[in-house]
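Counting from -16, one number per residue, gives the positions in the sequence shown under the working numbering.
Keep in mind the hints are simulated off the structure, nothing from the lab.
Don't take every hint at face value.
Stated by the list, open to error - Below, computed lysine to aspartate or glutamate pairings styled on DMTMM-like, alpha-carbon distance capped at 20 Å:
1. 106 x 84
2. 93 x 75
3. 93 x 74
4. 10 x 74
Claimed, not checked - Taking CB as the label site, the calculated pair distances span:
5. 46 x 105: 26 to 32 Å
6. 44 x 67: 37 to 43 Å
7. 21 x 46: 17 to 23 Å
Using N, Cα and C, we set each Cβ at its ideal position, and we do this for glycine too.
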Amino acid sequence: MKAMPATPQRAVALKTHMTCADNTGAKEVYLISVFNLKTRKRRIPKAGIGDMINIVVSKGKPELRKKIFMAIVIRTKSGLTRANGLKLKFEDNAVVLVDKDGVPKGTEVKGAVPKEIGERWPKIAGKASMIV
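Use the sequences and the hints to build the structure in full.
Put into structure tokens, the structure is as follows:
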């Protein structure tokens, strides 16, 4: 996993509901844990753009509901700050369902995806409709 060239704001906390931006059949999911997060004891884990997380599907196809999956955060309302000072913010929090290697389960990604996701997770950028 490559380092992020921008500074994402970790604003997606536990049990935050997010939209699923792919065509796997999941509509709404919520966060239950964050992978590779080194933090202080008893601190609430938070995720930002580009982080791999564990989620539970709350709305969607019946065979996907109440099951645990891995996902990558592709958009957050708080956004990220690039090295040149540009701040990106999106209108929703969104994820893409992936397997343990970071390969998306769906065949397309809906909505805008920042270029930092493309550098860190190239398979997601290949299926994205728009890169910002």
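Review point. Regarding the pair residue 93 and residue 74, is the alpha-carbon distance no greater than 20 Å?
Key: holds, 14 Å
Point to revise | Straight-line alpha-carbon gap residue 10 to residue 74, limit 20 Å | key: holds, 16 Å
Check your understanding: Falls inside 17 to 23 Å, the C-beta gap from residue 21 to residue 46?
Key -> Given about 35 Å between the Cβ atoms, the range is violated.
Point to revise | Verdict for residue 46, residue 105 (Cβ pair) under range 26 to 32 Å | key: Between residue 46 and residue 105, where Cβ atoms are some 29 Å apart, the hint holds.
Check your understanding: Would the pair residue 93 and residue 75 pass a check requiring their Cα atoms to be no farther apart than 20 Å?
Key -> holds, 12 Å
Practice item. Would you check the hint for residue 106 and residue 84, treating anything up to 20 Å between C-alpha atoms as holding? Key: Holds, because 10 Å separates the two Cα atoms, which is no more than 20 Å.
Point to revise | Verdict for residue 44, residue 67 (Cβ pair) under range 37 to 43 Å | key: holds, 41 Å
Comparing the model with each earlier hint shows a violation of hint 7 alone; every other hint is respected.
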